[in-house]
Each structure stands twice: as structure tokens, then as C-alpha cells.
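*Asks:* Sequence:
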Amino acid sequence: MPPTEADFDLRPSSQSAFSIGEYTFADAGNLEQCAKYLNQTLVTFGFPASLDLFANDPVSIARTCNCIYSLLQQRQRDIEFRESANDQRQRLLSDISRLEAKVERLESQLQAKDREIATITRT
Numbered sequence: 001m002p003p004t005e006a007d008f009d010l011r012p013s014s015q016s017a018f019s020i021g022e023y024t025f026a027d028a029g030n031l032e033q034c035a036k037y038l039n040q041t042l043v044t045f046g047f048p049a050s051l052d053l054f055a056n057d058p059v060s061i062a063r064t065c066n067c068i069y070s071l072l073q074q075r076q077r078d079i080e081f082r083e084s085a086n087d088q089r090q091r092l093l094s095d096i097s098r099l100e101a102k103v104e105r106l107e108s109q110l111q112a113k114d115r116e117i118a119t120i121t122r123t
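Heads up, the sequence shown is in the working numbering, so the first residue is 1 and it goes up one at a time.
Simulated from the structure, these hints should not be mistaken for lab results. None of the values given here were measured: they were computed from a predicted structure. Just so you know, even glycine gets a beta-carbon here, dropped at the ideal spot from N, CA and C. One should not assume that every hint holds.
SDA-like cross-link-like pairs, simulated, lysine to any residue; straight-line CA separation at most 25 Å [claimed, not checked]:
(1) K113 <-> T123
(2) K102 <-> R89
(3) K102 <-> D87
(4) K102 <-> Q90
Pair ranges (Cβ atoms, derived) [as the list claims (entries may be wrong)]:
(5) N66 <-> I96: 41 to 47 Å
(6) S97 <-> R122: 37 to 43 Å
(7) N56 <-> D95: 56 to 62 Å
(8) Y23 <-> A101: 46 to 52 Å
(9) P48 <-> S97: 44 to 50 Å
(10) L93 <-> T119: 37 to 43 Å
(11) N56 <-> Q76: 28 to 34 Å
(12) E100 <-> S60: 57 to 63 Å
(13) Q74 <-> K113: 52 to 58 Å
(14) D78 <-> Q40: 20 to 26 Å
(15) D95 <-> F54: 51 to 57 Å
(16) R75 <-> G29: 27 to 33 Å
(17) Q74 <-> S94: 26 to 32 Å
Generate coordinates for the entire structure from the input sequences, incorporating the hints supplied.
*Replies:* Structural data, given as C-alpha cells:
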């Protein structure tokens, strides 16, 4: 049965390992399971399952480097997309504010014209 997220203990580890905040994904005791999980997850997200973290041959190491490079490129595209979306959001919010002010001005002009018409029709 393939490992699942529940198979990984995310409690703090006393062993030296990369950790995010206080939680550890991989340590010396679960490297093989972590590599399998990472490869499965990479495939799920459309990346090549080429992480061979125990390889000594240059071809496998190059595949691992290419996969990491693809992840970094994807991260950069995500950052650029997020910045672009935020810029567009700011422009749209500015447009909304400008249009709301224009609507208020036009409503005010309409009320003035309605009063003007009412004055003319009374005479």
C-alpha cells in the first residue's frame, strides 16, 4: 500500500532534518517513504517522478536536478501570476471607486434636473 500523508509523523524531531516551522517532514529514519510520497505527489501535479535521492549516477542526479528546477520555475510563475492578479485587482478596485464616484455625480445631476423640470412644469 502506498504511503499517505497520515503515514508521516509531523511532530518535532530531535534528529537533524529540514523542517518548516516546528514540523518535520523527513528525517534519517523515513527517507525512503518520503521519497516515494514525493514522487507520487510530483506525478499527481504533473511533474516527472524522477527524484532518486539515493542515486550515484549522473543521469539520475540530473533528473532530480531537472525536477527541482521545474518546481522552482513553477514557483516563479506562481509568484508572477499572484503579482499580476494583485495588480489587476488593484486596478479594478480603483475603477470601481472611480465609477462609484461618477454614479454619485450623475445621480446628483439627475436630481438637479428633476428639480429643474419640476420648477418649469409648475410655472
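*Asks:* Now, for every hint given, state plainly whether the structure supports it.
*Replies:* Verification of the hints:
For a cut-off of 25 Å, the pair hint linking K113 to T123 stands: about 16 Å separates their Cα positions. Taking the CA atoms of K102 and R89, the gap is about 20 Å. The hint holds against a cut of 25 Å. A threshold of 25 Å between alpha carbons decides the hint, and for K102 with D87 the separation of about 23 Å falls inside it, so the pair holds. Our distance criterion of 25 Å between C-alpha atoms is met by K102 and Q90, whose separation comes to about 18 Å.
Distance hint check: the CB atoms of N66 and I96 are about 44 Å apart, consistent with the given range 41 to 47 Å. Checked against the given bound of 37 to 43 Å, the beta carbons of S97 and R122, roughly 38 Å apart, stay inside it. A hinted range of 56 to 62 Å for the beta carbons of N56 and D95 is consistent with their spacing of about 58 Å. Restraint check, Y23 to A101: a C-beta distance of roughly 49 Å satisfies the suggested window 46 to 52 Å.
For P48 and S97, the hinted distance range of 44 to 50 Å is satisfied, since their beta carbons lie about 47 Å from each other. Take L93 and T119: their Cβ atoms lie about 39 Å apart, and the range 37 to 43 Å holds. A C-beta distance of roughly 30 Å is found between N56 and Q76, which places it inside the suggested range of 28 to 34 Å. A hinted range of 57 to 63 Å holds for the C-beta pair E100 and S60, which are about 59 Å apart.
Take Q74 and K113: their Cβ atoms lie about 57 Å apart, and the range 52 to 58 Å holds. For D78 and Q40, the Cβ-Cβ distance of about 21 Å falls inside the hinted range of 20 to 26 Å, so the restraint holds. Between D95 and F54, the C-beta spacing of about 55 Å keeps the proposed range 51 to 57 Å intact. Restraint check, R75 to G29: a C-beta distance of roughly 28 Å satisfies the suggested window 27 to 33 Å.
Range check, Q74 to S94: about 30 Å between beta-carbon atoms, so the 26 to 32 Å window is met.
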